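Novice: Sequence:
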Amino acid sequence: MSPTAIRDVSSPSSDNTPSDSQSTGSPISTTLSTDQFLSDTESQGNFPPIAIVGIGLRLPGGVKTTEEFWSSLLNRQSFRSEVPRSRYNVDAFYSTSGRPGTVKSRHGYFLEDDLSSMDAAFFSMSKAEVERLDPQQRLLLEVVWECMESAGQRDWRGRNIGCYVGVFGEDWLDLNAKDPQHTGMYRITGTADFALANRVSYEFDMKGPSMTIETGCSSSFVGLHEACAAIHAGVCESAIVAGTNLLLSPTMTLALSEQGVLSPSGMCQSFDAKADGYVRGEAVNAVFVKKLDDAIRDGDPIRAIIRGTATNFDGKTAGISNPSSESHEALIRQAYAAAGIEDFTSTAFVECHGTGTRTGDPIETTAVGRVFGKSGVYIGSVKPNS
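For the sequence shown, numbering that gives the first Met the number 0 begins at 0 and goes up steadily by one.
Just so you know, these hints were derived from the structure itself, not from any lab.
A hint or two may mislead.
Derived CB-CB ranges, DEER-like [to be verified]:
#1 Q333 x T95: 20 to 30 angstroms
#2 S70 x D271: 19 to 29 angstroms
#3 S217 x A120: 47 to 57 angstroms
#4 A309 x R186: 33 to 43 angstroms
#5 P361 x S80: 38 to 48 angstroms
Predicted model, so just to flag it, every value in this text is computed and none were measured.
Don't be surprised by glycine CBs; every beta carbon is placed ideally from N, CA and C.
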């Protein structure tokens, strides 16, 4: 790819940003004004606009609000740390030798929340059930509650609201499969991935589709695509879309290290010549989405507007985990077609996957360059920050 095909901005700065609020370092507004979204109520394509009206999040560094998240980006903060003892003993696995069963990095991005605690009475669960509950389920319940509060929702119980949860890894299941003392009636509902979405739907008494989606790194975005499709089809009136990842067991980290995608330097350096892989991180996030027309009618806060989504697969590449620039490009064009947007020059910024791998980054940026290359576009990836 030509180095002039795109202009690269890997993290926001005061002298190279697309908005006035960023250049002054002031917080961005978390809601859009009426003037900003009324013109979007009529879709140009075959995708009626979807509004994000609620947000809940848990990110490394103790970040729990969108304002804190934005501030961390403006200040170029990185919350990288060594693996906490509360997760697993990294000393038992760390080695620069590359031998099977070892990892070359001691670092990651971890939540500061106490994963062993939960207000069981608030969610009407017994102590015995909570003790067997995947910490991802516990945090999802808290984050979804905060998301609904953020959206100003009060009467969700018994309604046709969907729940789509993206997940990567099965750490809690892995830990408990190795524990002979883990028995009893809550074993399946406490450890299985399907219960991540089902638990939220059950506790909040939501009667729309409820599914956990596991498609690797794309899981939560595929969940968003499916939620939008279900809302458009009338399958549900609105939906919670969430993504979760907790690094409780070393098993998946060992496997990814053996695959060669993790950074030995312990740093994700997206789009950099020094990039040597990515660094694993934890997060539990959720958004509440509904039709834009419905959000305006109900007086909901409009956080953002989704104009189009798309999903595809790479087909048969050099390897099952190898991406395809052609499929990446096709996916971008499909999403724009769904939104009815033909003028690619109107795009100011593209948030990339940005794995920091020597295979993934060039393939992804090649696809972005093919779509937006005539006018250039700013690109970025949040991975080096979070």
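Novice: None of the hints should be skipped; say for each whether it holds.
Specialist: Going down the list of hints, with the structure as the test:
no.	hint	in the structure
1	Q333 x T95: 20 to 30 angstroms	violated (43 angstroms)
2	S70 x D271: 19 to 29 angstroms	holds (24 angstroms)
3	S217 x A120: 47 to 57 angstroms	violated (37 angstroms)
4	A309 x R186: 33 to 43 angstroms	holds (38 angstroms)
5	P361 x S80: 38 to 48 angstroms	violated (29 angstroms)
Hint check: violations occur at hints 1, 3, 5; the rest are consistent with the structure.
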